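Chain order of the listed sequences is X and F.
If you use the working numbering, the first sequence corresponds to residues 1 to 325, in order.
If you use the working numbering, the second sequence corresponds to residues 1 to 325, in order.
Watch out, some of these pointers could steer you wrong.
[Unchecked claim] Pairs of lysine-lysine residues, derived as DSBU-like cross-links and limited to a Cα-Cα distance of at most 35 Å, are as follows:
{"hint": "1", "chain 1": "F", "residue 1": "K129", "chain 2": "X", "residue 2": "K93"}
{"hint": "2", "chain 1": "X", "residue 1": "K3", "chain 2": "X", "residue 2": "K195"}
{"hint": "3", "chain 1": "F", "residue 1": "K284", "chain 2": "F", "residue 2": "K93"}
{"hint": "4", "chain 1": "F", "residue 1": "K284", "chain 2": "X", "residue 2": "K195"}
{"hint": "5", "chain 1": "X", "residue 1": "K129", "chain 2": "F", "residue 2": "K93"}
{"hint": "6", "chain 1": "X", "residue 1": "K284", "chain 2": "F", "residue 2": "K93"}
{"hint": "7", "chain 1": "F", "residue 1": "K195", "chain 2": "F", "residue 2": "K59"}
{"hint": "8", "chain 1": "X", "residue 1": "K284", "chain 2": "F", "residue 2": "K284"}
{"hint": "9", "chain 1": "X", "residue 1": "K284", "chain 2": "F", "residue 2": "K195"}
{"hint": "10", "chain 1": "F", "residue 1": "K129", "chain 2": "F", "residue 2": "K270"}
{"hint": "11", "chain 1": "F", "residue 1": "K270", "chain 2": "X", "residue 2": "K93"}
[Unchecked claim] Listing some non-contacts, in silico: residues in chain X with all C-beta distances to chain F over 12 Å:
{"hint": "12", "residue": "G74"}
{"hint": "13", "residue": "H84"}
{"hint": "14", "residue": "R155"}
{"hint": "15", "residue": "E217"}
{"hint": "16", "residue": "R244"}
Note that these hints are calculated values from the structure, not bench results.
All of these numbers come straight from a predicted model, not from anything done at the bench.
Glycine included, each C-beta is placed from N, C-alpha and C at the ideal position.
Protein chains: 2
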Amino acid sequence: MDKLAVGIDVGGTNIVAALVAADGQIAEQWTRATGAARGPEAVMDDMAEMVDELRGRLKIAVDDIIGLGIGTPGPLSHRDGVIHRSANLPGWKDVHIRRGMLERTGLPTILDNDANIAAFGEYWAGAGKQARDVVAMTLGTGLGMGVITNGEILRGHFENAGEFGHTIVEMGGRECPCGQRGCLEQYCSPGNIAKYALERIQQGEASSLSDLVGKGEALTSRDIVDAAQAGDAFALEVWDEACRYLGVACVNIQHCFNPQILVLAGGMTKAGDYLLSRVTHHHKHHCWNLMDDAPEIRISALGNDAGVIGAAGLAWAARNSGVIA
Amino acid sequence: MDKLAVGIDVGGTNIVAALVAADGQIAEQWTRATGAARGPEAVMDDMAEMVDELRGRLKIAVDDIIGLGIGTPGPLSHRDGVIHRSANLPGWKDVHIRRGMLERTGLPTILDNDANIAAFGEYWAGAGKQARDVVAMTLGTGLGMGVITNGEILRGHFENAGEFGHTIVEMGGRECPCGQRGCLEQYCSPGNIAKYALERIQQGEASSLSDLVGKGEALTSRDIVDAAQAGDAFALEVWDEACRYLGVACVNIQHCFNPQILVLAGGMTKAGDYLLSRVTHHHKHHCWNLMDDAPEIRISALGNDAGVIGAAGLAWAARNSGVIA
Numbered sequence: 001m002d003k004l005a006v007g008i009d010v011g012g013t014n015i016v017a018a019l020v021a022a023d024g025q026i027a028e029q030w031t032r033a034t035g036a037a038r039g040p041e042a043v044m045d046d047m048a049e050m051v052d053e054l055r056g057r058l059k060i061a062v063d064d065i066i067g068l069g070i071g072t073p074g075p076l077s078h079r080d081g082v083i084h085r086s087a088n089l090p091g092w093k094d095v096h097i098r099r100g101m102l103e104r105t106g107l108p109t110i111l112d113n114d115a116n117i118a119a120f121g122e123y124w125a126g127a128g129k130q131a132r133d134v135v136a137m138t139l140g141t142g143l144g145m146g147v148i149t150n151g152e153i154l155r156g157h158f159e160n161a162g163e164f165g166h167t168i169v170e171m172g173g174r175e176c177p178c179g180q181r182g183c184l185e186q187y188c189s190p191g192n193i194a195k196y197a198l199e200r201i202q203q204g205e206a207s208s209l210s211d212l213v214g215k216g217e218a219l220t221s222r223d224i225v226d227a228a229q230a231g232d233a234f235a236l237e238v239w240d241e242a243c244r245y246l247g248v249a250c251v252n253i254q255h256c257f258n259p260q261i262l263v264l265a266g267g268m269t270k271a272g273d274y275l276l277s278r279v280t281h282h283h284k285h286h287c288w289n290l291m292d293d294a295p296e297i298r299i300s301a302l303g304n305d306a307g308v309i310g311a312a313g314l315a316w317a318a319r320n321s322g323v324i325a
Numbered sequence: 001m002d003k004l005a006v007g008i009d010v011g012g013t014n015i016v017a018a019l020v021a022a023d024g025q026i027a028e029q030w031t032r033a034t035g036a037a038r039g040p041e042a043v044m045d046d047m048a049e050m051v052d053e054l055r056g057r058l059k060i061a062v063d064d065i066i067g068l069g070i071g072t073p074g075p076l077s078h079r080d081g082v083i084h085r086s087a088n089l090p091g092w093k094d095v096h097i098r099r100g101m102l103e104r105t106g107l108p109t110i111l112d113n114d115a116n117i118a119a120f121g122e123y124w125a126g127a128g129k130q131a132r133d134v135v136a137m138t139l140g141t142g143l144g145m146g147v148i149t150n151g152e153i154l155r156g157h158f159e160n161a162g163e164f165g166h167t168i169v170e171m172g173g174r175e176c177p178c179g180q181r182g183c184l185e186q187y188c189s190p191g192n193i194a195k196y197a198l199e200r201i202q203q204g205e206a207s208s209l210s211d212l213v214g215k216g217e218a219l220t221s222r223d224i225v226d227a228a229q230a231g232d233a234f235a236l237e238v239w240d241e242a243c244r245y246l247g248v249a250c251v252n253i254q255h256c257f258n259p260q261i262l263v264l265a266g267g268m269t270k271a272g273d274y275l276l277s278r279v280t281h282h283h284k285h286h287c288w289n290l291m292d293d294a295p296e297i298r299i300s301a302l303g304n305d306a307g308v309i310g311a312a313g314l315a316w317a318a319r320n321s322g323v324i325a
């Protein structure tokens, strides 16, 4: 029996668990509701049950599982295996998830944050495969990022590197809940694109989107893409502005981390080439000509599976480097 | 005899060579004019002669030298040991400096760019000693940067990571010779601070600095500091604006690389606390309050020796990791 690793991607709504082979292929997968409000002990019990269930489905022994990688929202400590707190897991505070899962499953456990596991998945088995330097920018609700440099996740002293959504791109600009002004995330994360478009419509901006808003529906970045593709001038302007900020973000990522591949991931990439072609255009337009060190910008290859595959990939990487036996 | 490494820092004007002990202390040092116009072969001959001369002064054998680290302006390839070209070494093109120096001295040779060796020096034996994650921002003429993450220099796929002076902080802002607009370097590098202050004075801005300008003297950032400290309102405004951009740069460095120590280096740090206190103030003022992951901002401990010490440090690190025997 070829050995497998477990990957678990814990979100505020769902937990996805999978058995993943050494080549990044998912052998078996299961999704359950998180029920985070029941507290971390109950959720860890569920996760251990999911590992057993997946093993049972494939009829494999504990000894054929090399380890367990878990990704959760942060802030957390990969080094200590502790979730400090999380906006999506209310009430969780300093949860020793590595210890808790080792006790429950007997498996060596690696913890990392959701942006890092998604980036590691794309690096290991997705759009960044075969490259050593990969950055993945996840456009989910906010703007998350994971940086792989020379095959390793860039963590930093406080394990908080790659918080690129909070780099300041407009001094004195829009207020961000983080306490800063002018954070990148305010200008091009899906949630904020919709938020500021809604404000302008409510202030009387003419747009086909006002019908949706008038019906009391929540506006999403998807609605803006649809309206822009249907020729709505306001939606086009909003979308182009967001892509301009993303293009400039790609310039800054290039100069900071100098990746070979820059992966765009998250729900916003459902726009496909309508996102990629515009971001690439603005990247080229704003970028230097001193030397040719531009990354290739690609859409995520793994989609929603990037997290669970990347979590398992961390277990594989730890095993291959001798960190776990 | 304790073993030593050679560090050589090649600038457009001078070459500094030193024998450096395993603890980062300089045992012997020598500075000569570069004479880059004579071409790379003649300059490499000089460097080999400097190594011999330094050995002779301390009466040590070739076998007691563990290796040679060289820093030069780039762009260059550390991996290949080749200087592609350099604004400060006119006419140099694809110079195989690692091979050339190995042939001349018999010493295993490591090449890196000037910003990286200076950062490595501060990390290894200077203001960042004992930390694993250190960023050094060199405010010389331009704005250079070296990033040490988990004890390693961050290089990136194209070996061009940490070009932080060319991150865009003002979309559509000042033109930069690199081809971009709004590069950080345009707003707070010493050369550009002086350049834009001069423009404003020539446009009639009232300032004590107009006397200097009237005499046809070149304006420097040092002149601006002196005038600001003497109470000149215009100079104060210019200085504060530069420190504001540097403070915001520190916020962005924090979120990108998450270092424990952020070192300010280069000629502009002669302003001492007049620089540090203002940059620290603006960093605090602009930075988030989501979590306490701010780096400690310090002035360079090694000053002009950071490069030559860091170059030797790279040879020591290569030896300790088994890259060189």
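Outcome of the hint check:
no.	hint	in the structure
1	K129(F) x K93(X)	holds (33 Å)
2	K3(X) x K195(X)	violated (46 Å)
3	K284(F) x K93(F)	violated (43 Å)
4	K284(F) x K195(X)	holds (28 Å)
5	K129(X) x K93(F)	holds (33 Å)
6	K284(X) x K93(F)	holds (27 Å)
7	K195(F) x K59(F)	violated (48 Å)
8	K284(X) x K284(F)	holds (33 Å)
9	K284(X) x K195(F)	holds (28 Å)
10	K129(F) x K270(F)	holds (21 Å)
11	K270(F) x K93(X)	violated (45 Å)
12	G74	violated (9 Å)
13	H84	violated (8 Å)
14	R155	violated (7 Å)
15	E217	holds (31 Å)
16	R244	violated (8 Å)
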